[in-house]
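Student: Spelled out, the chains give:
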Amino acid sequence: MKIHIRNGRLIDPASKTDKALDLFIAAGRIVGVGHAPAGFEANSVLDATGCIVCPGLVDLAARLREPGFEYRATLESEMAAAAAGGVTRLACPPDTDPVLDEPGLVEMLTHRARLPDFAHVHPVGALTLQLEGKALTEMAELAEAGCVAFGQANRAIVDTQVLLRAMMYAATFDFPVWLQAQDPFLARKGVAHDGEVAARLGLAGIPVAAETIALATILHLARETGARVHVTRISSAAGVEMIVAARAAGIAVTCDVAIHHLHLCEMDVGFFDAHARLDPPLRSQRDRDALRAGLVSGAINALCSDHTPVDDDAKQMPFEEAEVGATGLELLLPLTLKWAQEMNLPLVTALARVTSDPAHILGVKAGRLALGAAADICVFDPAAEFRVTRENLRSQGKNTPFLGFELPGRVRYTLIDGHLAFDGTLS
Amino acid sequence: MQKSPQLNSHGELQHLLTIEGLPRDVLTHILDAAAPFSEVAEREVKKVPLLRGKSVFNLFFENSTRTRTTFEIAAKRLSADVINLNINTSSANKGETLLDTADNLAAMQADMFVVRHASSGAPFLIAQHMAATGRDHIHVVNAGDGRHAHPTQGLLDMYTIRHYKTDFTQLTIAIVGDVLHSRVARSQIHALTTLGVPEVRVIAPKTLLPTGIERLGVRVFHDMREGLRGVDVVMMLRLQNERMQGALLPSTQEYFKSYGLTPEKLALAKPDAIVMHPGPMNRGVEIDSAVADGGQAVILPQVTFGIAVRMAVMAMLAGN
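If you read the protein sequences in the order shown, they are chains P and D. First residue of the first sequence: 1, per this note's numbering; consecutive thereafter. First residue of the second sequence: 428, per this note's numbering; consecutive thereafter.
Next up, chain P with everything else stripped away, as it sits in the complex (with noise of 0.2 Å):
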């Protein structure tokens, strides 16, 4: 199959590219950007007129509820919602049921995933067994099956010799390690940022020092260990410092904020709105700036959806009851670009957030437009607006905040390997 991409704008932020530039793709890779290789012929014209051609999204947390929780979202669901959104690369917390703490179970998710409408999917293992923060996964053999890291999704290991032990062991084989840093004492029963809206609505409040507290033992950790460490979710002004000081302090680490962080703040809470109710909590409106100033700058590396697609009843509950996530694999591409737009940032930096650097993290040779590369391919009218409404989204999960706003930018083609797998086109 030969795809000709034409009268497209090329923003390829691995090579800082932004140029109006044709690309062209055979055998599921790009054998031309601007012009054809010599003899190439077509079978397939995509128009990119007054579209944006970039790598496909590369989404450092997406839930996809299998195994475990069919009854949420299924492999399909959100493989379709995956590629509506221009993600052709993503990576699933290990918090399914069971925990993706086997390399059998491994296998048999990735190999379920490998069908040509669906993104690349890269498994994140579990440190721990069951996820407790006892006792070691077999990492060596899960990394064998296919996982890229080890986390612990949003379970933190209480035992701090567990984690030392964890990270020192991850380390001797240079196995990234994941870690979301929140203090499990500190955020007990918490359900809210403990601050003004939390006071006022009588909600138990996760003061920021659950993330800070959390933060400095993982940092310490890192520096005695050597390990690599990418911190998941981070959600305060204190936790961007503490990872910028860590750095300059020569320890290497990464981190990400989720799209709801970068937008929404304590005050989206509302009257008790279910679908705020997310793990971290949705902090201050400072918090919050900081986040989207950290993204700019690159203290924080990636913006991920945190894709969790929740059903309707574990939503439509008293706030604390409610079950913690929201959807965001098709919310990703337009927050991105409503970040950009707010913070008045270059369409290449802003996307490298969501392509080059995340695939960087991930430490996979993907989320570029150059030649010789896999063609996974996003198409998208930066100009149209994507209304989110629960019709128009396709993943199971209904669940998000950002329900009824108008944002920017739908896509029209997503290419996984050189196969459309999705043509906006048609809807």
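To be clear, the hints were calculated from the coordinates, so they are not data collected in a lab. Some hints here could point you the wrong way.
What the hints assert, rightly or not - Derived lysine-lysine pairs resembling DSBU-like cross-links, with alpha carbons at most 35 Å apart:
(1) Lys189/P - Lys684/D
(2) Lys633/D - Lys684/D
(3) Lys474/D - Lys503/D
(4) Lys16/P - Lys2/P
(5) Lys19/P - Lys365/P
(6) Lys189/P - Lys633/D
Unchecked claim - Partial list, computed: chain D residues near chain P (C-beta under 10 Å):
(7) Leu526
(8) Thr528
(9) Leu643
Stated by the list, open to error - Using C-beta positions, here's what the derived DEER-type ranges look like:
(10) Thr560/D - Gly250/P: 50 to 60 Å
(11) Arg223/P - Ser678/D: 38 to 48 Å
(12) Ala135/P - Gly644/D: 19 to 29 Å
(13) Thr560/D - Arg223/P: 49 to 59 Å
Since we're looking at a predicted model, the values are computed, not measured. Note that CB positions come from ideal geometry on N, CA and C, so glycine has one too.
Once you have looked at the hints, place chain D on chain P.
Tutor: Quick look at chain D alone, frame taken from chain P:
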């Protein structure tokens, strides 16, 4: 920001969910409306027909005898049919969801839900669900949700203060005790600041105050003696026994010593200061019996006024 779910499309009060955000004239209107209802209780036939033919469901997901009883009396004095449901949510077998319960009762032609729930915001969820499904004839009254709000308690407290003190804009008022876990305190604070009380104080140890409480417009005191100096009204809060666990407080004895209202501490307030308590009281924990039974306490009148205020609220929302 979403529109307040307690107002209907005409901006009128459809539900009473919280005092926060209600304009001063609405609060004053409710207090004014309550006055004639307190006279109903004096009559031989303690009934008016304002809710005749209406069904009021007391939906109590958390135990409460006093609040449920006063709501029941209020509804009966308005001639409503009252159905009491005590739904134990603590049972392991959770059964149907909150909204399923509400839907089922709505299908029984309920006109009003009086809701008590352990989770903050639960009555909002029911109100929003009723609005989303076009059942605008159903009114929801929050009878206490988690730590969030207890608006009729707040209103009856205002009624009590007005009864004894007349002008809100001349008062200094102290709220003492477990503000962190108290829905009563939050409703009192919103009501007092809305009615123009120039100085609202909260007195508590740091472990019993929510972060950012000052932003609600209160002055924070940790020393009870200092905080009580010159106040017109002392509003005590109930301290629940389980607060002795979880490292919030060392002991009831020490709490009483620092934050219990004794005659000696009360003497620091104005000589004509009144003492209030939402009940049930823990004598010897937050309040000394000498104060609870003393001449400055207006704790029993609060209960009586509570019925009139709840009648006023119900009549205002659903009256014929």
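Student: Hint by hint, which ones does this structure get wrong, listed from lowest number up?
Tutor: 8, 12
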